[in-house]
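Undergrad: First to last, the protein sequences are chains A and B. Quick note on UniProt numbering: the first sequence kicks off at 1 and runs consecutively. Quick note on UniProt numbering: the second sequence kicks off at 1 and runs consecutively.
Derived from the structure by calculation, the hints contain no laboratory data. Here a beta-carbon is modelled for each residue, glycine too, at the ideal position from N, C-alpha and C. Among these hints, one or two may not hold up.
[Claimed, not checked] Computed beta-carbon distance windows for the label pairs:
hint	chain 1	residue 1	chain 2	residue 2	range
1	B	Ala58	A	Glu612	57 to 65 Å
2	B	Gly531	A	Ser284	36 to 44 Å
3	B	Gly531	A	Glu310	54 to 62 Å
4	B	Thr319	A	Ser549	40 to 48 Å
5	A	Thr53	B	Gln75	47 to 55 Å
6	A	Arg79	B	Ser549	25 to 33 Å
7	B	Lys54	A	Ser549	19 to 27 Å
[Stated by the list, open to error] Here are the simulated DMTMM-like cross-link-like pairs (lysine to aspartate or glutamate), alpha carbons at most 25 Å apart as the crow flies:
hint	chain 1	residue 1	chain 2	residue 2
8	A	Lys325	A	Glu306
9	A	Lys216	B	Glu226
10	B	Lys216	B	Glu226
11	A	Lys518	B	Asp59
12	B	Lys518	A	Asp59
13	B	Lys518	A	Glu76
14	B	Lys282	B	Glu359
15	A	Lys518	B	Glu76
Protein chains: 2
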Amino acid sequence: MESGQPNSAAAADKTQNSSVPPVEGVAGGGTSYGWVDGGLQASSLGNGAIDPTKIHSADLLHVWSMPSTANVSQQEAPRPLEHVNLLAARNERESFQIALRPKVSWATSGIAGSVQVQCTDLCSSAGDRLVVGQSVTLRRVVPMLGVPDALVPIDPLNSQINLLPGETSAIWVSLNVPCGQQPGLYEGEIFISAVRAEAESRGESLTKSERYQLYKELRNCIDITEPRDYSSSEEMVQRLTSASTTLRRMLALPSFQDCQENNGLGDMMDEDIMNNVAVRLKLSLTVWDFTLPLTPSLPAVFGISETVIEDRFCLEHGTKADHPKAKEYYSDPRLAAYAVPYAPILSSTDAAKNSLRREVEILKSEAHWSKSYFYLWDEPLNMEQYDVICSISNELRSYASDVRILTTYYCGPSGSELAPSTFEAFVKVPNVLRPHTQIFCTSEWVLGTREDLVKDIVAELRPDLGEEWWTYVCMGPSDPQPNWHLGMRGTQHRAVMWRVWKEGGTGFLYWGTNCYEKAMIPSAEICFRRGLPPGDGVLFYPGEVFSSSHEPVASTRLERILSGMQDIEYLKLYSSRYGREEGLALLEKTGVYLGPDRYALDHGPIDVMRGEVYRTCRS
Amino acid sequence: MESGQPNSAAAADKTQNSSVPPVEGVAGGGTSYGWVDGGLQASSLGNGAIDPTKIHSADLLHVWSMPSTANVSQQEAPRPLEHVNLLAARNERESFQIALRPKVSWATSGIAGSVQVQCTDLCSSAGDRLVVGQSVTLRRVVPMLGVPDALVPIDPLNSQINLLPGETSAIWVSLNVPCGQQPGLYEGEIFISAVRAEAESRGESLTKSERYQLYKELRNCIDITEPRDYSSSEEMVQRLTSASTTLRRMLALPSFQDCQENNGLGDMMDEDIMNNVAVRLKLSLTVWDFTLPLTPSLPAVFGISETVIEDRFCLEHGTKADHPKAKEYYSDPRLAAYAVPYAPILSSTDAAKNSLRREVEILKSEAHWSKSYFYLWDEPLNMEQYDVICSISNELRSYASDVRILTTYYCGPSGSELAPSTFEAFVKVPNVLRPHTQIFCTSEWVLGTREDLVKDIVAELRPDLGEEWWTYVCMGPSDPQPNWHLGMRGTQHRAVMWRVWKEGGTGFLYWGTNCYEKAMIPSAEICFRRGLPPGDGVLFYPGEVFSSSHEPVASTRLERILSGMQDIEYLKLYSSRYGREEGLALLEKTGVYLGPDRYALDHGPIDVMRGEVYRTCRS
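Sequences are here, hints too, so could you generate the full structure?
TA: So this is what it looks like as structure tokens:
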């Protein structure tokens, strides 16, 4: 009891006139409302069952928008609904979230109620459009380990979502601007209307037993009316009468009641619902005359576990390098770099070597060969492992002299006398691996908050020999530095790419995007691997876990990676006009990113920075 | 990076033979499964859509039991399924929980899948029964602010529950043993079967448009067959033929397809499903030959805010003391004590005084008058407030000399020189309030962990004058002491009553059971009052928030209060046989309760203590 006020009523009493005892009309102290006599005001909802088609949805639920960097939890508190204003270049995706929370329950079982989310196309005054379903997509934000993360697609033309009592739900809205989109101001609306839950409108349709009863009556009636030789007019009259009676009995079934009442016109039309009772979220998007490059300026490569996919979907391992799809995928301009499929040749059989040689020979004749690299060993720790890299490298370079090899590391080799200190040994790694590595890929964890150490790393590289410095994150660095673990802030996820741009690396590697536990069924529950921080190595999920769709389900973290890479394109544009120093100054002065432990905690600075690039770089 | 191992692959490498590089078959370091190659084994589920009626539910979901004191969160990890063994006296309620978590998803949209929970009656070998729906009830555990708390009734004969991907759900099972139940061992089973979601089997019933088509065809057919004067036999034949054609067209509707196929026998029978594919949870209950008293030994009183109910349900305030229902409720043997409805008479109009006098005169002639008390002022703080209590008391005692007055307090009056120290001033309160208070009700917060202070409080009381010592909890004491806030351990909730029994108070008061924020609609969201710990003052919820039911929804905390009060009956029985010292020793030696900061954290000791009472006290 920090406050020294063990009872609410006593505390409440402070705000009351002292002569009125703090008991309600009836004995039982402290049950009066106390500080806040707020809550819902008297309304027209009445005391009976709530028909959501007859009441404005704003009386039934809270609707408000949240930025893409917000983790909208089930306990997120409502905010006022405001007009959403976004900025996007061509070939950019910009996202935001709609948060929904029931004020009352209007469903009759289990849930608070269902809402329908309907989105219009976004139109410019010139008549150009961003079309719903293509350029505008909606996804439900589904929690993983209680943290909002999985983005499960929903039909943007007609999406019904169930809200639970006392829980905030979120919808992820993405605007994907095509490369050829005309710049301009695009406007649209999203209608959110409380509706009867599907399970309830089911009450209007026939139950199984009613259906079977109908079936029997119909068969019976057919027997009565079936063409045959009639013995008499009387028989025919009797049959007609009998059929008529049976038919009237069928029509009296409760299920046909509303057909009689509303003459089949159905409930109020969708249009009317949207105009009369829906909450309307107005949405404006400024598309500007900058086009993000088709190929990202920063090659960011992400590991995909083939084993995980093969096991879960019962697939066989291995595709030849000359498979037609291989050429299509490697040539895709959106792919900036790829690791050559590579089976370890340590066993050094001639067959293995020949196979690798053939693979290289096929690939090196292709234009996409310049994107390729070999990733031979993850984080070598000792000279024995370094020797393996050198030996494979010699083999590979005999197949193609311009082969690129990437090596990840966070320390120098143990067992060598490379340098007197740990950091110096780490910095001197290029001396050991040259010419057997071209992409020196170091862990951000090594730097910690010491951005100044970057210059020591870069000083050891030979750009004239094609050497590059890339970085990576995985288990480390941990909070508060940028990384992609579940439970970190949204800006912390996005900041990984701000960090890369500020530090000046020319590429980035992430170890895994689908590295959850083994399972043999497509829809098996996703279990994160033990020993890893939650979400580490998992950036998307199998669609089958969430619906009958086979489309993979992205995480909010994957979307924030994309946003971070798009931020790099904005910063690169700005720097191309005003110089890198000015670009760095923009990042700092807007408060977006000052260092690994000093960056925007909320979304505001991001929009300020992007707006400034727009203002200073357009036409 | 505490471990100095920034990358999972590097860590995994420790467990591998050193000469095999830690890359998967394909480049991209560290994506192999690492430490655990566990997960689901290959199974017969195959790669396509899952039909839950054809696969054993144990392949589709985890089912395990949890004690009533467990807070089963959405992240609760599965445990092995074990036989549930419970012990209960007659007139006792004993509860446990069934936790459910999907292993795979078998629904096609939004949820992982639906399960049906079916419970048999519990039967003894002598043929006695505990009947499902009456003595056996099922409730869904619904989170409030993310903490499992609300217990929403479900139909025990046929309950369908939706499971979400990656989330554990819980069902609260209560066994209510009637007073007249024969002692013995009762056995039953609970069948948990994965089923098609209701929304999916809906496909089998008629859509609205099909239904309207049927309606029109039926009307058409009635027009054709309706009795009239027919001009000729030909007309009748034509009409019969036309009717027959129309009827055949109706029968051809897709909705009647399965009626033809399975001849109306429907899907596999429930019995078969239960026997073939359901997970079976075996349940044994030992009913022993002890009957809990109808009237609880410890009068525990709980405030109910009438204002909250009146506002939410649009009710008018006030019921006369001579209302027939008043007598029924006050006379209910399950009610141990009640506060007399009391409008403050400070304004002291004659009308108010006369009304109060009439109320007392009506009540004091009833047998239930002995249960009554007046609660005049909540936590008086100064002599002015003490004077008000005395003055009202004088008025009341002029109406009925045996009136009982309860006063809550956590300190002595300020502005008096009662005693040199704060605690002594608190202890001396009876000297100030005698004879204007009979029930001295003190906050447990005052004691803190100093149980020894109890004797100082009790020493000041005059049992010969009918004076009693009761206690209460509200905002305080806070964690780790026992209280009923959301987010505390289940044993912490139950320990409030263990504490009462150990300290020896003869009654208990809780300030509020429905003191959430104001709302004017029955199904309005429950908002806890600002400034209070979550759950404080709220022990049940309006049913309308969770379903169309008007039945109030209990919290897990309310159930644990009941369990604690039942524990008191066990301890009282034991003490009546072996003495209070032995009862206290039992509480300690089983590890159930040693003090306000030392009590069972898990359920085990509770069953040990109850089992010991059963073993030593039966027959």
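Undergrad: The structure should be examined with respect to each hint, and the outcome stated for every one.
TA: Right, here's what the structure says about each hint:
| no. | hint | result |
| --- | --- | --- |
| 1 | B:Ala58 <-> A:Glu612: 57 to 65 Å | 59 Å, holds |
| 2 | B:Gly531 <-> A:Ser284: 36 to 44 Å | 39 Å, holds |
| 3 | B:Gly531 <-> A:Glu310: 54 to 62 Å | 56 Å, holds |
| 4 | B:Thr319 <-> A:Ser549: 40 to 48 Å | 57 Å, violated |
| 5 | A:Thr53 <-> B:Gln75: 47 to 55 Å | 37 Å, violated |
| 6 | A:Arg79 <-> B:Ser549: 25 to 33 Å | 32 Å, holds |
| 7 | B:Lys54 <-> A:Ser549: 19 to 27 Å | 22 Å, holds |
| 8 | A:Lys325 <-> A:Glu306 | 16 Å, holds |
| 9 | A:Lys216 <-> B:Glu226 | 21 Å, holds |
| 10 | B:Lys216 <-> B:Glu226 | 15 Å, holds |
| 11 | A:Lys518 <-> B:Asp59 | 16 Å, holds |
| 12 | B:Lys518 <-> A:Asp59 | 16 Å, holds |
| 13 | B:Lys518 <-> A:Glu76 | 20 Å, holds |
| 14 | B:Lys282 <-> B:Glu359 | 54 Å, violated |
| 15 | A:Lys518 <-> B:Glu76 | 20 Å, holds |
Checked against the numbered hints given earlier, the structure breaks hints 4, 5 and 14 and satisfies all the rest.
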